[in-house]
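Student: Taken in sequence, the protein lines are chains U and L. Going by our numbering, 47 is the number at position 37 of the first sequence; the sequence numbering is gapless. Going by our numbering, 655 is the number at position 11 of the second sequence; the sequence numbering is gapless.
Each hint should be verified, as a subset may be incorrect.
Result set (DSS-like, lysine-lysine): computed pairs, CA atoms no more than 30 angstroms apart in a straight line [to be verified]:
(1) L:K754 x U:K360
(2) U:K120 x L:K689
(3) U:K106 x U:K120
(4) U:K360 x L:K689
(5) U:K110 x L:K754
(6) U:K117 x L:K689
(7) L:K753 x U:K110
(8) U:K120 x U:K78
(9) L:K680 x U:K120
(10) U:K106 x U:K117
(11) U:K117 x U:K78
(12) L:K753 x U:K117
(13) U:K110 x U:K120
(14) L:K680 x U:K106
Here chain L is said to cover these stretches of chain U; the calculated rule only asks that three of the stretch's residues, wherever they fall, bring their Cβ under 8 angstroms from a Cβ of chain L [to be verified]:
(15) 73 to 81
(16) 237 to 244
(17) 325 to 335
Just so you know, the hints here were simulated from the structure itself, not pulled from any lab data. Just so it is clear, CB atoms sit at the ideal spot from N, CA and C, and this is done for glycine as well.
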Amino acid sequence: MTAFSSFLFNYLNGVTANVYEPVSVATRAAEVWAHEPWLAIGWLALGMAVMLGFLVVIGMGLIYGERKIAGHFQCRLGPMRVGWHGLLQVIADTLKLLVKEDVVPAKADKVLHVLAPVLAIMATLLALAIVPATPWFQLIDVNIGVIYVTAVGSIGVLGVLIGGWSSNNKWSLLGAMRAGAQIISYEVSATLALLIIVLFAGSLQLSTIVESQADGWWIWRSHLAGIVAFFTFLIASTAELNRTPFDLPEGESELTAGFHTEYSGMRFAFFFLAEFINMFVASAIAATLFLGGWMPFQIAGLDGFNAVMQAIPPGVWFAVKTGGLIFLLMWFRWTFPRLRIDQLMGLEWKFLLPVGFVNLLFAAVLILMGWYFAPIPA
Amino acid sequence: MDYILVFVIIGLAFVMVAASLIISRILAPYHPGGMKNTTYESGQKTIGPSWIQFNVGYYLIGLLFLIFDVEAAFLFPGAVVFRSVGLAGLIEIGIFIFILFLGLIYAWKKGVINWV
């Protein structure tokens with residue numbers, strides 16, 4: 011233990027990672043707006059196009075990855091037939107969904123039935139836009155970033171609830187109610203975990219929070235508080251994503267498909283896509299707040315090592331951290347059995363929430379006494 | 645500019661879903677009617693509507709969530725300025741959290757979060 015903490019201490023003594031000036035796409039557009047409005051519109055259009063490309067690539071990549079990883083966890087190969095090692099499988103599936111008939115049940119509430127996938131994908135797009143992937147690519151960088159993340163995250167639950175309720179189907183209704191109760195419950199813990207990083211970084215802006223980790227990631231620097239908050243956030247976001255072991259809203263063996271039982275064709279595709287992109291966003295936010303975002307890993311004293319680490323571009327660091335967390339979420343799925351609903355509620359309200367409160371006060375005391383590693387930028 | 649982009653993205657979500665539904669309407673077969681549009685219930689005929697009164701437990705969880713989420717929203721500004729406020733801030737936040745914690749214990753003892 012002493013060796014470990016002295017290692018951390020060494021890591022945190024005075025190494026400052028490469029500092030870039032992060033500029034969001036929206037800021038860049040706003041700067042040139044006054045004299046060159048078309049350039050500004052060009053920036054915005056380019057940013058949006060890249061984001062949509064991101065959406066499709068990440069969505070398909072994650073679906074392929076999930077199937078492959080699931081396969082290998084179960085000693086199978088996963089998709090192998092379509093394209094090299096099944097690489098074209100996801101494209102084939104998407105095309106199939108596009109040409110599938112869009113069936114709306116006669117008894118469903120038609121307007122809400124269409125609105126629900128819109129809300130789901132809207133929440134996902136809004137959250138994706140704020141992810142600081144590299145210093146140069148972050149679409150919007152609002153100064154209330156962390157609040158924005160939690161606020162936008164809770165639009166998604168509206169999509170789920172409306173989708174389940176409007177289907178007028180018992181499976182959908184049960185799935186939607188379970189999803190609603192679960193997501194709003196775990197949202198509280200996730201918010202408290204984010205609050206701890208806000209407390210340490212003293213800012214809500216995501217780019218500022220990343221910059222504040224130039225000389226140490228918050229998960230190390232904040233003693234125990236950061237580690238507890240990180241794991242709380244990981245558990246809470248697994249629950250918010252409705253992933254195993256918290257997949258009661260769509261437990262296949264109980265509820266057919268949960269809230270999207272009555273969805274078919276493209277509308278189902280939107281729920282599916284939103285779910286996978288949300289997984290990416292949750293991992294990216296965790297990586298940004300706790301693991302230093304695009305900051306490289308550094309150890310004080312090892313200058314050669316640090317130089318090599320700094321040579322790796324920030325985008326790669328971000329991708330590696332996010333990808334690692336996504337792999338962890340997929341690993342969870344094949345490791346833990348599903349919880350019962352009373353265990354689920356008990357875990358949140360009787361364990362995570364009290365722990366979150368105590369952790370918050372602990373972090374506040376740490377800051378007040380100055381008991382954290384390395385100086386915090388003013 | 646950041647917030648303008650937020651609204652653009654909200655619009656984009658609508659456009660994306662509308663566009664893909666239109667494309668799929670053109671490409672995909674569309675023959676509604678008959679048994680196809682009945683509610684799915686594992687092959688059984690549906691009995692009664694699904695828009696029913698639901699277990700009150702969900703409502704209570706919703707209320708609890710409201711309280712604690714609003715609390716978190718109140719804590720955010722405190723967390724941002726915490727370093728300049730210092731001990732006074734810690735005491736005030738401590739009192740605030742303590743009162744809410746009592747509320748949680750009350751709800752716990754009342755059996756709201758025991759679920760069954």
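Student: Determine for every hint whether it applies to the structure shown.
Tutor: Verification of the hints:
At roughly 13 angstroms between alpha-carbon atoms, K754 (chain L) and K360 (chain U) fall within 30 angstroms of each other, so this suggested pair holds. Annotation: proposed proximity of K120 (chain U) to K689 (chain L) holds, straight-line Cα distance about 21 angstroms (limit 30 angstroms). For the hint linking K106 (chain U) to K120 (chain U), the alpha-carbon distance of about 24 angstroms falls within 30 angstroms, and the restraint holds. For the hint pairing K360 (chain U) with K689 (chain L), the CA-to-CA distance comes to about 41 angstroms; that exceeds 30 angstroms, so the pair is violated.
Among the hinted pairs, K110 (chain U) with K754 (chain L) is inconsistent with the structure: their alpha-carbon atoms are about 50 angstroms apart, more than 30 angstroms. A C-alpha spacing of about 13 angstroms is found between K117 (chain U) and K689 (chain L), which places the hinted pair at or below 30 angstroms, so the restraint holds. Distance check on the hinted pair: K753 (chain L) and K110 (chain U) sit about 51 angstroms apart at the alpha-carbon level, beyond 30 angstroms; violated. A hinted pair counts as satisfied when its Cα atoms are at most 30 angstroms apart, and K120 (chain U) with K78 (chain U) does not qualify at roughly 36 angstroms.
For the hint linking K680 (chain L) to K120 (chain U), the alpha-carbon distance of about 16 angstroms falls within 30 angstroms, and the restraint holds. Restraint check for K106 (chain U) and K117 (chain U): satisfied, since their Cα atoms lie roughly 26 angstroms apart, inside the 30 angstroms limit. The suggested pairing of K117 (chain U) with K78 (chain U) is violated, with an alpha-carbon distance near 38 angstroms, which exceeds 30 angstroms. With a C-alpha separation of about 41 angstroms, the suggested pair K753 (chain L) and K117 (chain U) falls outside the 30 angstroms cut-off, and the hint is violated.
The hinted pair formed by K110 (chain U) and K120 (chain U) meets the criterion: a straight-line CA distance of about 19 angstroms does not exceed 30 angstroms. Annotation: proposed proximity of K680 (chain L) to K106 (chain U) holds, straight-line Cα distance about 19 angstroms (limit 30 angstroms). Coverage of the segment 73 to 81 of chain U by chain L is violated [criterion: at least 3 residues with CB-CB distance below 8 angstroms; count 0]. Chain L is given as covering the segment 237 to 244 of chain U, and this is violated because 0 residues of the stretch bring a CB closer than 8 angstroms to a CB of that chain, at least three being needed.
Against chain L, the segment 325 to 335 of chain U contributes 0 residues with a C-beta closer than 8 angstroms to a partner C-beta. That does not satisfy the three-residue criterion, and the hint is violated.
In summary, the numbered hints that this structure violates are 4, 5, 7, 8, 11, 12, 15, 16, 17.
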